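Trainee: Chain by chain, the residues run as shown.
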Amino acid sequence: MPFVPHTEEDLGQMLAAIGVESVEALFAEIPGELRAAPLNLPPPLNEMALARHLGEAAGRDAGLVCFIGAGAYDHYVPAAVWEIAGRGEFYTAYTPYQAEASQGTLQVLYEFQSMIAHLTGLEVANASLYDGASALGEAVLMAVRANRGAKAPRVLLADTVSPVHRRVVRNLVEAQGIELVTLPHEPREGGVDPLLLDGFTRGSVAALVIAQPNYFGVLEEVDALVDRAHALGALVIAEVNPISLGILRPPGSWGRSGADIVCGEGQPLGAPLSSGGPYFGFMACRGEHVRQLPGRIVGRTTDQGGREGFVLTLQAREQHIRRSRATSNICTNQGLMTVAASVYMTLLGPAGLAATARACHANALSLVERLTAVPGVERLFSRPFFHECALRSPVPVAELLPWLAERGIGGGVGLVGDYPHLGESLLTAATERRTAAEIDLFGRLLAERVGF
Amino acid sequence: MPFVPHTEEDLGQMLAAIGVESVEALFAEIPGELRAAPLNLPPPLNEMALARHLGEAAGRDAGLVCFIGAGAYDHYVPAAVWEIAGRGEFYTAYTPYQAEASQGTLQVLYEFQSMIAHLTGLEVANASLYDGASALGEAVLMAVRANRGAKAPRVLLADTVSPVHRRVVRNLVEAQGIELVTLPHEPREGGVDPLLLDGFTRGSVAALVIAQPNYFGVLEEVDALVDRAHALGALVIAEVNPISLGILRPPGSWGRSGADIVCGEGQPLGAPLSSGGPYFGFMACRGEHVRQLPGRIVGRTTDQGGREGFVLTLQAREQHIRRSRATSNICTNQGLMTVAASVYMTLLGPAGLAATARACHANALSLVERLTAVPGVERLFSRPFFHECALRSPVPVAELLPWLAERGIGGGVGLVGDYPHLGESLLTAATERRTAAEIDLFGRLLAERVGF
Amino acid sequence: MVIFEKSSRGRMTGSQQAVVESGRMEIPGRFLRESAPLLPEVSELEAVRHFTRLSQRNFSVDTHFYPLGSCTMKYNPRVCHTLALLPGFSGRHPRAPASHGQGVMGLLFGLQEMLKEITGMAGVSLTPMAGAQGEWAGIAMIRSYHRERGDVARDEILVPNAAHGTNPATAAMCGFSVREIPTDGAGDVDLAALSGAVGPRTAGLMLTNPSTLGVFERRVAEIARIVHAAGGLLYYDGANLNAIAGRVRPGDMGFDAVHVNVHKTFATPHGGGGPGAGPVGVGERLLPYLPIPMVAREEEAGGERFRWLTEEERPRTIGRLSGFVGNVGVLLRAYGYLRMVGATGLLRVADYATLNANYLMARLQGAGFRVAFPERRATHEFIVSVKPEAEAYGVTALHFAKRLLDHGFYAPTIYFPQLVPECLLIEPTETESREDLDRFVAAMVAIREEAKSEPERVKSAPHRTPVGRLDEARAARQPDLVWKGPITSGQGGPVVFGQGPEVSGQGKVNGQPS
Amino acid sequence: MVIFEKSSRGRMTGSQQAVVESGRMEIPGRFLRESAPLLPEVSELEAVRHFTRLSQRNFSVDTHFYPLGSCTMKYNPRVCHTLALLPGFSGRHPRAPASHGQGVMGLLFGLQEMLKEITGMAGVSLTPMAGAQGEWAGIAMIRSYHRERGDVARDEILVPNAAHGTNPATAAMCGFSVREIPTDGAGDVDLAALSGAVGPRTAGLMLTNPSTLGVFERRVAEIARIVHAAGGLLYYDGANLNAIAGRVRPGDMGFDAVHVNVHKTFATPHGGGGPGAGPVGVGERLLPYLPIPMVAREEEAGGERFRWLTEEERPRTIGRLSGFVGNVGVLLRAYGYLRMVGATGLLRVADYATLNANYLMARLQGAGFRVAFPERRATHEFIVSVKPEAEAYGVTALHFAKRLLDHGFYAPTIYFPQLVPECLLIEPTETESREDLDRFVAAMVAIREEAKSEPERVKSAPHRTPVGRLDEARAARQPDLVWKGPITSGQGGPVVFGQGPEVSGQGKVNGQPS
Ligand SMILES: Cc1ncc(COP(=O)(O)O)c(C=O)c1O
Ligand SMILES: Cc1ncc(COP(=O)(O)O)c(C=O)c1O
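Residue numbers (this note's numbering), protein chains in the order written: chain A, 1 to 452; chain B, 1 to 452; chain C, 1 to 514; chain D, 1 to 514.
The hints are simulated quantities; they were obtained by calculation from the structure and are not laboratory data.
Since the model is a prediction, treat every value here as computed from it, not as a measurement.
We treat Cβ as the ideally placed atom computed from N, Cα and C, and that holds for glycine.
Some hints could be false.
What the hints assert, rightly or not - Derived SDA-like pairs (lysine to any residue); straight-line CA-CA distance at most 20 angstroms: (1) C/Lys459 x A/Gly305; (2) C/Lys116 x A/Pro38; (3) B/Lys151 x B/Glu189; (4) D/Lys459 x B/Gly305; (5) D/Lys484 x B/Glu288; (6) C/Lys484 x A/His289; (7) D/Lys116 x B/Pro42; (8) D/Lys459 x B/Gln304; (9) D/Lys484 x B/Ala175; (10) C/Lys116 x A/Glu123; (11) C/Lys484 x A/Ala37; (12) D/Lys116 x B/Gly305; (13) D/Lys116 x B/Ala37; (14) C/Lys116 x A/Leu34; (15) C/Lys484 x A/Pro38; (16) C/Lys484 x A/Leu34.
Unchecked claim - Residues from chain B shown here face chain C by an in silico Cβ test under 8 angstroms; the list is partial: (17) Glu8; (18) Pro43; (19) Glu47; (20) Gly88.
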């Protein structure tokens, strides 16, 4: 039997020490009628057979050149990232409850918080949430808690925020009586018109949620949105793509006073795509709101000898102390992914992050240029975009995408399901990994399919 | 520029500290006429581009089911082996000259030596040589040094030892005036007839070299060979496959007094096939010969406080001390591969090694049964074999092998080049990784090719 | 020294700089940042060295015995890590078409089926990203269930007072109020109190069994009857499933919903605090409400075909909990583990986890320690109370915990559950050897000896860790959560790292020598 | 505690047990072993934990500054490791057909070409498995050359007395006798002595340039003329190529054969003592003798095709040195490194390696240390002699080296080259930052201070390593090379591991804090 070290001799000696005849006797307290019949599981495999089995499965899924985005992006992950994050000392440690025996994890988390804060331009950050979507849900809950001036728990949600994220938010916050109001985008521009906010009265809105770049890849007029939201007494929650912050203005400096809470999907920072996870959510906020932050927070302190050290702190917010009055029920978060993200951000540095962001943008421009050269393919929106773009498709996207996949191209996602008024349209993205040859192949295939 | 940390400011400050104007000035002692023109190397790639480039190359070589042996075998390597051996602390350390700062490497090497000694049944072992072939060369040199009773530096080499190994031995020892005499195999049995040794007079032979299993996969009559060689006053050098020692009798107990020097190719113990390297050679010997052993040796000792610790020892044999009178010129050996091998042997343990050996043997039996079911295909030799077998081929092997490769089967190697008298024949092997389905596919393809 | 202090303006890892081939840029200046973010600027060597050395400042399962109660710190098979990172898995975009997802979906389907069998439930969704999100999904389903039946008055969730903090926190996040149920002297739920508490406001009960007190709740069937009779449903917190997997199934105990922590029972790593995964299973009644996505299998001409179930197909689902599918990479690791152990292996997991706990309890008891429930069998964990030692020598559970670090052991969970004073909740897991358990006993005895002879040494522990006892109060009072510059106090020298067990005055300490 | 002491009869890692499906066995009993070999019997967790903890007992480039002269302990890019282990590379059998080797052969061909360009040679063979085997190949080629010309009296190889031990050892293994050439006071080869030594017995000269004295042999062209005039050939030991790669080529200096240590100059790892690789390059005269296999490229209809050159095609080759091809996996790492740095990058390697060495030398000199050749420029390494300190305080090079370990630095090479008394050969490499060099200077100064005030503390160093000074004499006198049972001395407690720099009495030590 794998993984159990006991020899027959161990077993005998241990049973004797306990004073029972058999292992069975240790389960004597379990009522007999609860005992299960032998489980019907597939026969066990040794490691070699498992490797073959999973290797075959992985082989079936390989081979797409990825132009798909919609919230997860195919970035290059430097080899050192997972060589380090996969080290047993990080990989097999628990949440760092015993600080003195967990300085490695704790210091990385502190450094992670610092990087996230610096990247977003906010004052404090937590040590991760599950993923970008659930982080947005937590941000909405937090904003409602934090905004004591608001008369109602009403939150405005731009419809340019990822449709899936909006659904997750709704699922997570609905039970707490929060009202979510959707703000539509301006149909030609693909962003939310800041003037829409003038329709609300001061104090009637707890928070506004916007995304930059938004789901369409488009850049929103964040300055005006922030200023108008603040004028209403609303807090601003910004959902951002961390790679874009290599070149885009950080939410902390949007408008006159900046966004109040920033969150996002951390996947682009070193997490493999992995069919959707594990990724991580990050969250930063103004210092004044720190006691409303959900999740773990690490602080720097000193030991008895005055040496620098790190501890979990402000735990009074958390479920294991505050129980039903905690800021969130989150316990296990996505620790290891933040180790990877910290190594990733360190390896890239500010110049590398900017170069990656610029390469994504440049490749996306080439991609859009190439695809819109195909007759009938055109941009849906006029606003500038970062590394993803919504295009009108002359053929049904639900047929186009499998067709492209058969030819090795992951073309993107369709928009019509979530935005019926947009008709047949394709959301497609390019990262720094995409080459001119790949972009050209995509273009040629699209032309072939469209009939040119 | 990758990997150089200096900023412009560092550069300026450092030049100032040295008191020169430019880096160029640091090279002032190099005569101008020796300066090279700018090198013509391919343009640099960043890590992402390198990964793509090498990924494509690796992809071109993948996809053969491996029935090839001939000295390197396709064993399963448990995931933990390279997860551990690849840890930076092992991977990026130097030869452990500063013992106190290298206890990790040193202790593993001591454990490795112990495992090799226990596996071979000899008393001492070194910490690795380059590979199996060069280890055999070193063994021959060592035997000649160690056998002071022999009247001439004559060494008998069974022709069932790998032809490549024999060539390497010849290349390595020829300059030292050693005479190599080849002993032919018995044509129907595929092994060396011990009676052949009766043709030599006592004292006329310094050493006998035999392999178990031999190049044909066949088991030699090692007991009789050892006893007769010892009767001649010759030392016995045994080249062995370490996996086979999971079930085969160890050289230390061959005949009445056992082999004197044992060496072999360590690849099967956790080294990936990797087109031929890095592998490692192992070597063990009787305790009396330890001062003739080439290569690094680690010993256990104590520190000032009586704590156990490990050091490089008996260094007076080595080039950095003894210079031109050293037992070998070897310096850098194959350290990391022995870390992998130690983890491999530890994970398998005696039971696992035996199971692997038995599975190889059983699969080889199935393979031979399946292939010899094809008309015209038959075993060349009658002696029992371990996991590799020589078969007569009804079609030219030089055409058969590429044909099989096109269909995803690496069928083995031909023998005719090295043993012309054997005619069209195929040396084919099976490890524990081969499945019934793969063996059957090989059989079906062979039948198809042969015309059934 | 944090990475920012090793940073130097303009230093960088050149091999990681993307090349902007076309050089095109069409983002108007007003969207662009004016100054670079304050990220570290170091060389690749400095980065690798910094984080490698940080890793050495951790205790972990791969380096230390880690008997952290309620956390199941067992061995995490390395092969599951390497396989989950195979390019075919790690490179697959979550929204890649089904044609390029049959491999991973087939495995996830297999995991759903295995978890159904193990939990005795009618359906499983893998999407929750940790135990607490699994709880959330379970309680949300219970909420939907009552709602759809028009049973809107049910606004209370019952939780035993020994429960983990996530239980009440989850109930509250789902909009329920929480009512605590006391525990009786033997560690079981107080049935009388439970009977008194249930009623028309009862939406459900959350229960961990074996409980966090390290005992099996013997009258769980009775509890289920009481709650069900009152119209409530039962939620099973699967954090302790390791003790009984294969022997007892939550479904057979009467639970309507359950989560499992794959990062406990199914040997996926904790990663210093995640990622984990908390698949949920439900009985027939809650089946329509399971969160999506889930994998469906269809028979096809050429064989089988897998696909994601969508919201449209499952209109009564509580919906999505994450941006995509959940922690797929973690689930693949759990799949791998389950395939390696199989049904008989799983039984042995529970057997030996229980054996180890009972052995360790017996040995500690034999050595004179007070265990919380001496008349009960330990499950896979048990509680020692050092109240006697605290009273006699002033050496508390915290002090024992910190001093254990000096002996090369991670500390057990302390002060949880809160019902037992000065408690250590000890869970050895099945992957530890008898020798290590014996060493742990020796360390506990040695610490108690020291508590008598040299209590200050114990109280000021740890002494052999990279840093000494940290000032948590200062951390909370003057939060320093983000690096802004060098720490002010100049007294501290460079940090000593990665020390092992100490050689104590009298002789040997049986720590974890290599 | 060695792994055997953690072993227990019958314990095993079940997931690694092969399944013998057919159960067939046809080996007669007399060939089978009677008892199982004494290998460790531990669980997978114990194995992982044991070796993980052992790893933490090492200093390494990834954890420490490692200024080991003559060894070029630079950063080893992690990506080269992960790429060399790609299944397509790692799974390829060396005797797989050429159809399944175009990928790797193409890369090896590319490496051959790059090394030709870097060394200025006419041909390169990649097959030698380390520097010493490269030397062997070079000297064997020189031997074949003279032999084929009938020049059989040439039985002497000249070697400067500062040479690395492998040089004379190699010459002897090739059947030559070795004649040492003295070094002059400035660190250059004594030309008069050389002129006196060359003659009809001279087969060749082996030279390292920059030499192991840390200086560039300025009159190398003159040396080449002298040796060539006498009918000898010149061998270049490329261990120090890092200092001049891209600036000066051995071929242009007049060498006929050269090896490079890819595990030095081209950033492949040392692995605790290998595997490395020592490709050899030669000028036109020695071209026919290069060891095989080598990769050839052929133009084909559809593009290019690669194949191994065989003995038949190269009848004058010195033949094969290994069972297959040499250390291909190491060569792939070197290829990767070279492709990342390119020509300009390689120039910068030499530039900054030299800058770092000269800076460190200047700073140490400024701090009052004696350098061996103060009037010369350092190359990528330089020598400090602590003879003054040894005379004044009895603190030797060995003591400095051991005490540096306490400060978190691996020690420089000591007592080599043997010409300089109490020497430390210091090679910082280009991948270390100025800050680390400064810290090293501070440590050296601190040790000298301590040598004055507390010499015993320095002489008994190290104090902060996993073990204290080890008894090497005992190890050699009573060799214990193979585990047979527990070590006898019972005094030692468990070993303390992985400690970092010490906080010294007066205040800070600038070690390598994380
Ligand atoms: C009893 C119990 N319930 C629930 C949880 C929460 O699980 P998770 O941390 O995966 O969210 C834990 C985790 O420690 C636990 O021990
Ligand atoms: C100057 C010099 N020559 C030769 C060698 C031998 O190289 P290798 O260890 O790769 O065999 C070394 C290695 O230390 C060296 O420093």
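Trainee: It remains to establish, for every hint, whether it holds in the given structure.
Mentor: We went through each hint and held it up to the structure:
The hinted pair formed by C/Lys459 and A/Gly305 meets the criterion: a straight-line CA distance of about 15 angstroms does not exceed 20 angstroms. In summary, the hint linking C/Lys116 to A/Pro38 is supported, as the alpha carbons are separated by about 14 angstroms, within the 20 angstroms threshold. For a cut-off of 20 angstroms, the pair hint linking B/Lys151 to B/Glu189 is broken: about 32 angstroms separates their Cα positions. The suggested pairing of D/Lys459 with B/Gly305 holds, with an alpha-carbon distance near 15 angstroms, which does not exceed 20 angstroms.
Only pairs whose Cα atoms come within 20 angstroms are accepted, and D/Lys484 paired with B/Glu288 is accepted, the gap being roughly 17 angstroms. Proximity of C/Lys484 to A/His289 is assessed by CA-CA distance (about 19 angstroms); at most 20 angstroms being required, the pair is judged to hold. At most 20 angstroms may separate the alpha-carbon atoms for a hinted pair to count; D/Lys116 and B/Pro42 meet this at roughly 13 angstroms. For a cut-off of 20 angstroms, the pair hint linking D/Lys459 to B/Gln304 stands: about 12 angstroms separates their Cα positions.
At most 20 angstroms may separate the alpha-carbon atoms for a hinted pair to count; D/Lys484 and B/Ala175 exceed this at roughly 39 angstroms. Distance hint between C/Lys116 and A/Glu123 is unfulfilled; the C-alpha atoms sit about 45 angstroms from each other, more than 20 angstroms. Straight-line distance between C-alpha atoms of C/Lys484 and A/Ala37 comes to about 60 angstroms, which puts the hinted pair past the 20 angstroms bound. For the hint pairing D/Lys116 with B/Gly305, the CA-to-CA distance comes to about 53 angstroms; that exceeds 20 angstroms, so the pair is violated.
The suggested pairing of D/Lys116 with B/Ala37 holds, with an alpha-carbon distance near 14 angstroms, which does not exceed 20 angstroms. With a C-alpha separation of about 17 angstroms, the suggested pairing of C/Lys116 with A/Leu34 holds against the 20 angstroms cut-off. A hinted pair counts as satisfied when its Cα atoms are at most 20 angstroms apart, and C/Lys484 with A/Pro38 does not qualify at roughly 59 angstroms. Taking the CA atoms of C/Lys484 and A/Leu34, the gap is near 58 angstroms; set against the 20 angstroms cutoff, the hint is violated.
For B/Glu8, the shortest C-beta to C-beta distance to chain C is roughly 6 angstroms, which falls under 8 angstroms, so the interface hint holds. Taking 8 angstroms as the C-beta cut-off, the interface hint given for B/Pro43 is violated, the closest approach to chain C being about 11 angstroms. For the restraint placing B/Glu47 at the interface with chain C, the shortest Cβ-Cβ distance is roughly 4 angstroms, inside the 8 angstroms limit, so the hint holds. For B/Gly88, the suggested interface contact is upheld, since its CB lies about 5 angstroms from the closest CB of chain C, less than 8 angstroms.
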